[in-house]
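Take the sequences, apply the hints, and build the full model.
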Amino acid sequence: MNTPQTLLSIRNVGKHFGGLHVLQDVSFEVPAGGIYGLIGPNGAGKTTVFNLVTGLLAPSSGTIEFQGESLVGLPPHQITHRGIARTFQNIRIFKEMSLLENVMIGMHEHLKYGAGGIFFNSSACRAAEKRARERAFELLSWLGLEHKAAMLADNLSYGDQRKLEFARALATEPKLLLLDEPVAGMNPSEKTLLMEEIINIRNRGYGVFMIEHDMRFVMGLCDRIAVLNFGRIIAEGSPDEVRNNQEVIEAYLGREEEAA
Amino acid sequence: MEWFNDFWSTYSTLVFSVGVHALLALSIWLTLSCGLLSLANAAFMGIGAYVSALLTLQLGWSFPLVLLTGGIAPAVVALLIGAPVLRLSGVYLAMATLAFGEVVRITVLNLEITGGPEGLNGIPLETEGWHIAALLALTIYGLARLRRSKVGRAFEAIKEDEVAARLMGINVDRYKLLAFTLGSFIAGVAGALNAHFTFFISPREYGFEAAVDILTMAVLGGISSLIGPLLGSSIITLLPELLRSLHDYRSFVNGAVLVLVVLFLPKGLWDPRRFRKWFGKAKGAEA
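Those protein sequence lines, which keep their order, are chains A and B.
Using our numbering, the first residue of the first sequence is number 300, and each one after it goes up by one.
Using our numbering, the first residue of the second sequence is number 272, and each one after it goes up by one.
A hint or two may mislead.
What the hints assert, rightly or not - Simulated restraints, written as ranges between beta carbons of each label pair:
no., chain 1, residue 1, chain 2, residue 2, range
1, A, His-315, B, Val-483, 32 to 38 Å
2, B, Ala-415, A, Arg-430, 29 to 35 Å
3, B, Glu-480, A, Pro-487, 57 to 63 Å
4, A, Asn-499, B, Lys-538, 37 to 43 Å
5, B, Gly-551, A, Arg-503, 36 to 42 Å
6, A, Ser-422, B, Lys-538, 48 to 54 Å
7, A, Arg-430, B, Phe-535, 55 to 61 Å
8, B, Val-362, A, Pro-487, 40 to 46 Å
9, A, Asp-522, B, Arg-545, 33 to 39 Å
10, B, Trp-549, A, Leu-492, 54 to 60 Å
11, A, Arg-430, B, Ser-516, 57 to 63 Å
12, B, Arg-358, A, Lys-411, 27 to 33 Å
13, B, Arg-358, A, Glu-395, 23 to 29 Å
14, B, Arg-545, A, Gly-332, 47 to 53 Å
To be clear, the hints were calculated from the coordinates, so they are not data collected in a lab.
Every value quoted in this text rests on a predicted model; they were computed, and no experiment measured them.
Even for Gly, the Cβ is constructed at its ideal location relative to N, Cα and C.
Quick look at the structure:
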């Protein structure tokens, strides 16, 4: 296979809060297509990487580029417009809205009509809303939620809330989907179901970049993996390479002499 | 028809007040629907009232133009103060907007042109019932359309989770400014309408108490739909009249009603979700 095109490139990125260095000299590249994993023990700085990429935080140093263009300094909504969407570790759906409305929020930027269109209920406005509703149903059906479209999101089970978050993120029409610990708090059968959904999303041509600390889950899913420990990348490569990396084993299991 | 004429000559001011208060409740509903607890609407109403009254008294502008300017003037102020003030949220925003209201009140109190503490007297009675009815209908229609559009959904998303809204591609700062400015426009028009049927305006009418009253109307009625603010403003306006026989205990009962509603119906009187629950339970009992 020829070398895949780079989608997201993170180079020499550092982040500190006062004297606390959360990330130091982090570099890796997420290729287009496939599933890329970022793993590491709790508190390694994984979510901080996502917050930097999505513009919720600004890096202290280094560059972040998406499709060759710098993302540093852009507000979050513009980064979303460029084609990056994300989900959250602690699910953040809009609970007081229906599933359909949740997904339609994600389409906000793609609904092109103005104040006049809204006030006079113009045909262009109606057509755009209709298209958005149809697309929202389609996205919900990808995740098997279309029959619950009118339900209030608050009434969904935990696993379904996570799926709704996927659908909502896909509604922004992203090229890269960031998943922050998608199976956190799920039971094993839910985990397996969600794993299939992530593979489905990948198969539809979306790039997936996920954070996980469940090693087994990530090994079976990702094409490439970067390992973060104490704010530094300690290994990068295929799952097999990472699995056999001495530093990674130590980070997860501790040193041998300590154990002895 | 005679009874109607009697009724109208006694209560026309009250009916006008219900309409104006409905507009004010809708103006704060708009900012609340975007998750902004702004208490500046009384001040915006005051700016609208004073600007419009002065245009009528000093320059003799035509009434439609006066109404429009009465809305635009506070909207311009809202645009200017919005950028810094809307960086705040929750009670901090409430405090900042209250402070802004005081600044407006004290400015009006000390200016020569506004008549200082004496206020403005002899404003011509230009407002007619159908003016208020038409503008109220237009506002309700406009807000109902807004609510069903991407803008209304964006407001709702911002209210529920600002960070998630940002990451769904919504320009949160711009939409907050839009809600704030549109709300100030509606409040300003309400102020202009009010000034042209009360004959007299003074700074006292647009201070802290008015700000809290406007908020109370929306909260009492409930902000989950447009019906809530309409219901709340009607009750708040009519309750003192209905309790007239209680004389000195009027405001006591008024306050007690509010406390009970907030305590037992925190989402306001008009809460479709609660209605569904009640209705659903009744159906379940029959089955």
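Inset, instruction - Would you list, in rising numerical order, the hints stated earlier that this structure does not obey? - result: 1, 2, 6, 7, 9, 10
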